[in-house]
Amino acid sequence: MKALRNYLDKIKPQFEKGGKLEKLHSTFEAFETFLFVPDKVTFKGSHIRDSFDMKRAMIVVVVALIPALLFGMWNTGYWHFKSLGETVGFWDMFFYGFLKILPIIVVSYVVGLGIEFAFAQHRGHEVNEGYLVSGMLIPLIVPADIPLWMLAIAVVFAVVIGKEVFGGTGMNILNPALTARAFLFFAYPQDMSGDKVWIAEKADAFSGATPLGNALVGNFDNFPSVHDLFFGFVPGSVGETSTIAILIGAAILLFTGIASWRVMFSVFAGGYIMGLIFNFFGANAYMELPAYYHLIMGGFAFGAVFMATDPVTASQTNRGKYIYGFLIGFMAVIIRVVNPAYPEGMMLAILLMNVFAPLIDHYVVESNIKRRLKRIKVKA
Amino acid sequence: MSEAVKQKEPLFSPKNKKLIFNPLSKENPITVQVLGICSALAVTAKLEPAFVMSVSVMAVLAAANVIISMLRNTIPSRIRIIVQLVIVAALVILVDQVLKAFAYDVSKQLSVFVGLIITNCILMGRLEAFAMGNKPWPAFLDGIGNAMGYAWILITIAFVRELFGSGTIWNYPVMENLGLYDIGYKNNGFMILPPMALIVVGIIIWIQRSRDKELVEEK
Chain A
1 MKALRNYLDK IKPQFEKGGK LEKLHSTFEA FETFLFVPDK VTFKGSHIRD SFDMKRAMIV
61 VVVALIPALL FGMWNTGYWH FKSLGETVGF WDMFFYGFLK ILPIIVVSYV VGLGIEFAFA
121 QHRGHEVNEG YLVSGMLIPL IVPADIPLWM LAIAVVFAVV IGKEVFGGTG MNILNPALTA
181 RAFLFFAYPQ DMSGDKVWIA EKADAFSGAT PLGNALVGNF DNFPSVHDLF FGFVPGSVGE
241 TSTIAILIGA AILLFTGIAS WRVMFSVFAG GYIMGLIFNF FGANAYMELP AYYHLIMGGF
301 AFGAVFMATD PVTASQTNRG KYIYGFLIGF MAVIIRVVNP AYPEGMMLAI LLMNVFAPLI
361 DHYVVESNIK RRLKRIKVKA
Chain B
1001 MSEAVKQKEP LFSPKNKKLI FNPLSKENPI TVQVLGICSA LAVTAKLEPA FVMSVSVMAV
1061 LAAANVIISM LRNTIPSRIR IIVQLVIVAA LVILVDQVLK AFAYDVSKQL SVFVGLIITN
1121 CILMGRLEAF AMGNKPWPAF LDGIGNAMGY AWILITIAFV RELFGSGTIW NYPVMENLGL
1181 YDIGYKNNGF MILPPMALIV VGIIIWIQRS RDKELVEEK
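For the record, the sequence lines run as chains A and B.
Numbering of the first sequence is given in the working numbering, commencing with residue 1 and proceeding in unit increments.
Numbering of the second sequence is given in the working numbering, commencing with residue 1001 and proceeding in unit increments.
By construction, these hints were calculated from the structure, which means they are not laboratory data.
Check each hint, because a few of them may be wrong.
Here are the simulated lysine-lysine pairs, DSS-like style, with alpha carbons at most 27 Å apart [unchecked claim]:
no., chain 1, residue 1, chain 2, residue 2
1, A, K82, A, K100
2, B, K1018, A, K100
3, B, K1186, A, K196
4, A, K82, A, K55
5, B, K1135, B, K1015
Label pairs and their computed distance ranges (CB to CB) [claimed, not checked]:
no., chain 1, residue 1, chain 2, residue 2, range
6, A, L102, B, V1034, 39 to 47 Å
7, A, Q14, B, C1121, 48 to 56 Å
8, B, R1211, A, V106, 51 to 59 Å
9, B, I1037, A, V63, 44 to 52 Å
10, B, S1210, A, V338, 38 to 46 Å
11, B, V1174, A, L84, 36 to 44 Å
12, A, R319, B, Y1104, 57 to 65 Å
13, B, E1217, A, A3, 48 to 56 Å
For glycine and all other residues, C-beta sits at the position ideal for the given N, C-alpha and C.
For reference, chain A alone in the conformation it holds in the complex (with noise of 0.2 Å):
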């Protein structure tokens, strides 16, 4: 560690202004601020300043995503070798999702950091942090079969469109994970949904339909029981079928204070509630589904504790938190079983939302300010 430091410190002068590398400068300092924590003060203002900046409150996250990321390397591996009748162990299962995601984790990475890097560079602000969780989030709301080159055109559609002519890290209306599989799904539909596409390499006449998609079309036969659907026995994008997985990083982003309880408990909230009322009408098979199906079913919970909670793009006041988070669930519910061109209603409920949060915000801090006044004139 001690060499490393020196080795930086040796090399700094290069990247400071007036050195030979200065261009390179915004690149020196990311991996500066990776390795080490800033030791910048302030000058002005207040004086204590927490070393847990954006970069290390990033990673946080990347380490919740692990364990869904772990569940679904295995999931991969376990439903390529149901699909083939094969038995193998354990690790084989997982060693096999491990080479089938690994290339997808890489490309996502070195893509959208690339292209990071290049607007930093090219506008000479500090790299920012933002994709670190994008670029992991990406992998596992993809099939694992997904085509490379796919990928490579969906990341840099999301982190240009989505996030740089917005003005980078912080400034994006829409969750850049989201954007990406929002352009997959609608640039390249027969990969990305169907039963063809979820499970890596299987034999043909076995059949990979989602329980979404069995769902959609009224399919209730060997439908997944709870436990299934809840540990996440079921074919899926990587990282969205364990429940459990999910949770666990729930837990972990709680604890840590980053993601909104608000948004994550209003989201489980919108979507039981939605799933009661259709219940209630019970027109067919679908709307009969009991409501908790809706919350470990297809993307639900991966949504909800990974996406919806994202800071950007959700909104910023408590209560607004409350409304959004609400209206993610209930729409994803509706979307799910009244459409019938989208078998998953996540993606679209959380990007619609996001749309509107400024607009939610913008009303919950104008009500705020007319109760405030009327209390004023009550008193005079």
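Starting from the known structure of chain A, arrange chain B on it as the hints suggest.
Then chain B, alone, in the frame of chain A:
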């Protein structure tokens, strides 16, 4: 009147040249004035309809500009919009009939959008802002210039969308002949959808503004 005293202007004086070339970049109807967006979304999935649409708009805009400019002193200002509409509508019907007679397939693809040239904001904008206050010749140049500005944006969008969305250029299967499908390439279905036209327009605006800082508004 002292018009006779005034020196006669050459046909392509610098001022008149500006009328043609400014709308191509600095005063582009789509990327700067953000007019005519609806048709830019609707007809740009392929090059052929985009091209025909551009030519139609050019014909209507140039002719309408000239006619309105000739009538400008006789139109009572209270009913000027309705007069403009009548003239544009008549011209659009002419264009529509010509297309139906000589390019039936394309006219079917364009469907209502030829008729909707009447409501194209670029037309009303040019008639109100330019033809009502200028002589026929500058008005004609202005019409051609603005239609060209509209056309090159439309054709650029259509080129991008057709190439990546359908893998063809003017119905010529480029991607297939390059053998890209054999190595796993697939057409991007998102390109065919209208939102992508807006995103492409957005990228063009982005490039234009980062090259020409004058266009960036003060905050």
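Hint by hint, here is what the structure shows:
1. A/K82 with A/K100: holds, 16 Å
2. B/K1018 with A/K100: Violated, because 59 Å separates the two Cα atoms, which is more than 27 Å.
3. B/K1186 with A/K196: The given pair, whose Cα atoms are some 16 Å apart, holds under the 27 Å limit.
4. A/K82 with A/K55: Distance ~40 Å between A/K82 and A/K55 Cα, so the pair is violated.
5. B/K1135 with B/K1015: With a Cα-Cα distance of about 13 Å, the restraint between B/K1135 and B/K1015 holds, given a limit of 27 Å.
6. A/L102 with B/V1034: 39 to 47 Å: Once the Cβ atoms are compared, 45 Å apart, the range 39 to 47 Å for B/V1034 and A/L102 holds.
7. A/Q14 with B/C1121: 48 to 56 Å: holds, 55 Å
8. B/R1211 with A/V106: 51 to 59 Å: violated, 35 Å
9. B/I1037 with A/V63: 44 to 52 Å: Holds - the Cβ-Cβ distance for B/I1037 and A/V63, about 45 Å, lies within 44 to 52 Å.
10. B/S1210 with A/V338: 38 to 46 Å: holds, 43 Å
11. B/V1174 with A/L84: 36 to 44 Å: At roughly 39 Å between Cβ atoms, A/L84 and B/V1174 fall inside 36 to 44 Å, so the hint holds.
12. A/R319 with B/Y1104: 57 to 65 Å: At 59 Å between Cβs, range holds.
13. B/E1217 with A/A3: 48 to 56 Å: Between B/E1217 and A/A3, where Cβ atoms are some 51 Å apart, the hint holds.
The earlier numbered hints that this structure contradicts are 2, 4, 8.
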